[in-house]
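Asker: Okay, here's what each chain looks like letter by letter:
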Amino acid sequence: MDQTTFTHLAETYLDMVYRLACHYLRSPQDADDVTQEVFLRLLRTDTAFDGEEHARHWLVRVTLNEAKRLCRSPWRQRTAPLEDFHGTAALPGEEQRALFEAVMDLPRKYRVPLYLYYYEGYSVGETAELLGRKVSTVQTWLARGREQLKKQLQEDWSDD
Amino acid sequence: MIDRKRYRETFSHLRASPETRRRILDMEMKQNRRRPRLAPLALAAALVAVLAVTAMAAFSGTLKDWFAREWANRTGGEISEEQALVIDSLTEKVGESRTVGDVTVTVDSITVGSDTLWALVDVEGLDFAANARYTFGKMNVEVLSDPSEGAYGGASYSLGSIGLTESGAVRMLLEYDGIFSTANQLNAGGYTLELRLSDLTLHRSPGERDEVIYEGQWDFSIPLTESMLPTIAIDSAVVAIGAGAEEAEGTETASGVTFTLWDIRVTATGLSFYTAYSDDEAVERVQMAALSYLEVSVILSDGTEVSANSSGGSRTEDGGWYCTSQWPAPLNVEDIAALRIGETEIPIN
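For the record, the sequence lines run as chains S and V. Take the first sequence: its letter number 8 is residue 8 in our numbering, and every next letter is one higher. Take the second sequence: its letter number 83 is residue 83 in our numbering, and every next letter is one higher.
Honestly, I wouldn't trust all of these hints.
What the hints assert, rightly or not - Restricting the straight-line Cα-Cα distance to at most 30 Å, the calculated cross-link-like pairs of lysine-lysine (DSSO-like) are:
(1) Lys-109/S to Lys-134/S
(2) Lys-64/V to Lys-5/V
(3) Lys-134/S to Lys-93/V
(4) Lys-109/S to Lys-150/S
(5) Lys-109/S to Lys-151/S
(6) Lys-109/S to Lys-68/S
(7) Lys-68/S to Lys-5/V
(8) Lys-151/S to Lys-134/S
(9) Lys-5/V to Lys-150/S
(10) Lys-151/S to Lys-68/S
(11) Lys-134/S to Lys-150/S
(12) Lys-109/S to Lys-5/V
(13) Lys-93/V to Lys-64/V
(14) Lys-68/S to Lys-150/S
(15) Lys-151/S to Lys-5/V
Claimed, not checked - Residues of chain S placed beyond 12 Å of chain V at every Cβ, according to the derived structure:
(16) Cys-22
(17) Thr-35
(18) Glu-52
(19) His-54
(20) Trp-58
(21) Gly-93
(22) Ala-98
(23) Val-135
(24) Thr-137
(25) Thr-140
(26) Arg-144
As the list claims (entries may be wrong) - Here are some chain V residues pointing at chain S (derived, C-beta under 10 Å):
(27) Met-1
(28) Tyr-7
(29) Glu-9
(30) His-13
(31) Arg-23
(32) Arg-69
(33) Leu-224
(34) Met-228
(35) Thr-258
(36) Arg-265
These aren't lab readings, by the way, just hints derived from the structure by calculation. We put the beta carbon where it would ideally sit given N, CA and C, even for glycine.
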């Protein structure tokens with residue numbers, strides 16, 4: 001990969017990769033590791049990206065794979081308490097802190113699709129394809145994730 | 001009201017640390033540099049070190065208290081009286097201090113297992129904040145003479161604050177895990193822990209750079225006492241690769257693929273075994289991918305199953321692998337009913 005393309009993709013998607021890794025791993029340190037690993041793989045890939053969306057899709061897939069690999073491996077286990085995120089997130093308000101903590105308290109299978117759907121704007125179908133799951137499964141996860149957040153925060157969703 | 005806008009506003013504040021950003025953008029300048037983070041120890045062929053600042057709730061007790069808390073976190077239960085006796089037998093007071101200027105560092109106590117050790121390290125002399133985390137900017141932890149005896153081997157260690165003592169000192173926990181292809185054990189006697197700590201550092205949140213709050217170097221040389229560590233030996237076993245490996249590798253070819261393990265040794269602090277890849281290239285490819293995902297746990301006589309705290313592997317001279325796993329706390333080997341390695345349960349008589 002040429003340096004100009006790498007720099008552009010790194011500057012554009014570095015935080016996306018980190019946020020997705022945080023949602024998957026719930027550990028800022030592990031998310032840092034995964035983020036570096038993903039961009040090292042980007043640097044070394046021979047993939048010819050067919051436009052920016054293709055590159056973004058590739059980065060999401062590689063991030064999920066790297067996070068899964070790290071998470072399932074007994075060779076490296078680390079967890080972090082939620083307060084570890086506060087400096088990173090520098091959340092300005094109580095409402096945001098509450099949502100952040102509530103999302104991070106969810107099981108992984110709800111956190112990751114919520115992020116892809118609500119933050120990255122992927123459709124349910126695209127989210128299902130990225131996660132390698134059926135559309136109906138992702139719909140269920142999104143619904144249950146929203147439901148748990150509603151209960152925990154005692155607030156409604158405007159779009160469920 | 002929760003909506004997409006609030007979700008995005010909330011998580012837009014979650015950003016990679018400046019250090020990570022710098023490392024990644026620096027990659028373009030050095031395309032041939034080594035990978036920025038260490039490979040899993042399964043790939044280690046030389047001594048490597050990992051610095052991890054652990055983040056935990058305040059703690060000011062003894063090593064036994066620490067193990068009790070870890071055990072409770074993992075199992076929801078208390079350590080047994082027999083287990084407490086095992087911990088006592090592996091733990092000893094050190095009480096060695098080194099002072100540089102205003103700061104005194106003391107190695108309070110140490111627990112030495114077969115291929116793992118834990119030590120409590122206290123730092124005093126400054127006003128420390130209870131909710132802050134401290135470590136050392138540079139450190140070197142070695143066991144001498146080299147238990148690997150020049151053969152393949154590896155080690156990882158971490159040191160970070162876990163709380164304040166009643167006198168206001170920062171209490172840190174050192175955890176060291178070794179993988180010595182010679183199968184030499186740290187508790188065999190004759191080894192020394194060489195510890196060099198430099199520049200006391202305030203570990204800030206992941207988004208900020210750590211700050212050196214006191215420059216200096218504190219050196220320790222602590223003999224590791226010989227101890228009796230009952231060992232359960234199993235000549236060999238065949239274990240099936242876990243479904244986790246299949247899923248992680250996106251293949252179903254791992255079904256039916258097995259590892260043969262030999263010279264399996266189970267102690268109060270961990271498990272070790274030798275293994276090798278198949279001569280069949282197709283099987284070897286799956287095994288190579290799967291070794292990193294091989295899960296290890298111990299099943300106690302009351303049914304409690306405890307996963308290994310950490311695991312690693314090192315090449316051996318003959319091209320095979322020597323693997324170790326460490327339990328989260330020393331346990332009474334007489335309580336062990338079975339091991340689970342991969343998908344296979346190995347009963348212990």
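Asker: If a hint holds in the structure, say so; if it doesn't, say that too.
Answerer: Hints, one by one, checked against the model:
1. Lys-109/S to Lys-134/S: 13 Å, holds
2. Lys-64/V to Lys-5/V: 48 Å, violated
3. Lys-134/S to Lys-93/V: Between Lys-134/S and Lys-93/V the Cα gap is close to 57 Å, so the pair fails against 30 Å, i.e. violated.
4. Lys-109/S to Lys-150/S: With a Cα-Cα distance of about 17 Å, the restraint between Lys-109/S and Lys-150/S holds, given a limit of 30 Å.
5. Lys-109/S to Lys-151/S: 18 Å, holds
6. Lys-109/S to Lys-68/S: Status holds; Cα separation ~12 Å.
7. Lys-68/S to Lys-5/V: Within the cut-off at roughly 28 Å; holds.
8. Lys-151/S to Lys-134/S: Distance ~26 Å between Lys-151/S and Lys-134/S Cα, so the pair holds.
9. Lys-5/V to Lys-150/S: Since the Cα atoms of Lys-5/V and Lys-150/S sit roughly 16 Å apart, the hinted pair holds (cutoff 30 Å).
10. Lys-151/S to Lys-68/S: The given pair, whose Cα atoms are some 28 Å apart, holds under the 30 Å limit.
11. Lys-134/S to Lys-150/S: 24 Å, holds
12. Lys-109/S to Lys-5/V: 22 Å, holds
13. Lys-93/V to Lys-64/V: Distance ~12 Å between Lys-93/V and Lys-64/V Cα, so the pair holds.
14. Lys-68/S to Lys-150/S: 28 Å, holds
15. Lys-151/S to Lys-5/V: Distance ~19 Å between Lys-151/S and Lys-5/V Cα, so the pair holds.
16. Cys-22: 6 Å, violated
17. Thr-35: Check fails; 6 Å does not lie beyond 12 Å.
18. Glu-52: The assertion about Glu-52/S holds, with a minimum of 18 Å to chain V.
19. His-54: 20 Å, holds
20. Trp-58: Given a closest Cβ separation of 15 Å, the condition holds.
21. Gly-93: Its Cβ does come within 12 Å of chain V, the nearest being 9 Å, so this is violated.
22. Ala-98: Not fine: 9 Å to the nearest Cβ puts Ala-98/S too close to chain V.
23. Val-135: 19 Å, holds
24. Thr-137: 15 Å, holds
25. Thr-140: Its Cβ never comes within 12 Å of chain V, the nearest being 19 Å, so this holds.
26. Arg-144: 15 Å, holds
27. Met-1: Status holds, d = 5 Å.
28. Tyr-7: Given a least distance of 4 Å, the restraint on Tyr-7/V holds.
29. Glu-9: Since the shortest Cβ distance to chain S is 7 Å, the answer is holds.
30. His-13: 5 Å, holds
31. Arg-23: 6 Å, holds
32. Arg-69: 14 Å, violated
33. Leu-224: At about 25 Å, which exceeds the 10 Å cut-off, the nearest Cβ of chain S leaves the hint on Leu-224/V violated.
34. Met-228: 28 Å, violated
35. Thr-258: Check failed: Cβ of Thr-258/V comes no nearer than 18 Å to chain S, outside 10 Å.
36. Arg-265: 18 Å, violated
When each numbered hint is compared with the structure, violations occur for hints 2, 3, 16, 17, 21, 22, 32, 33, 34, 35 and 36.
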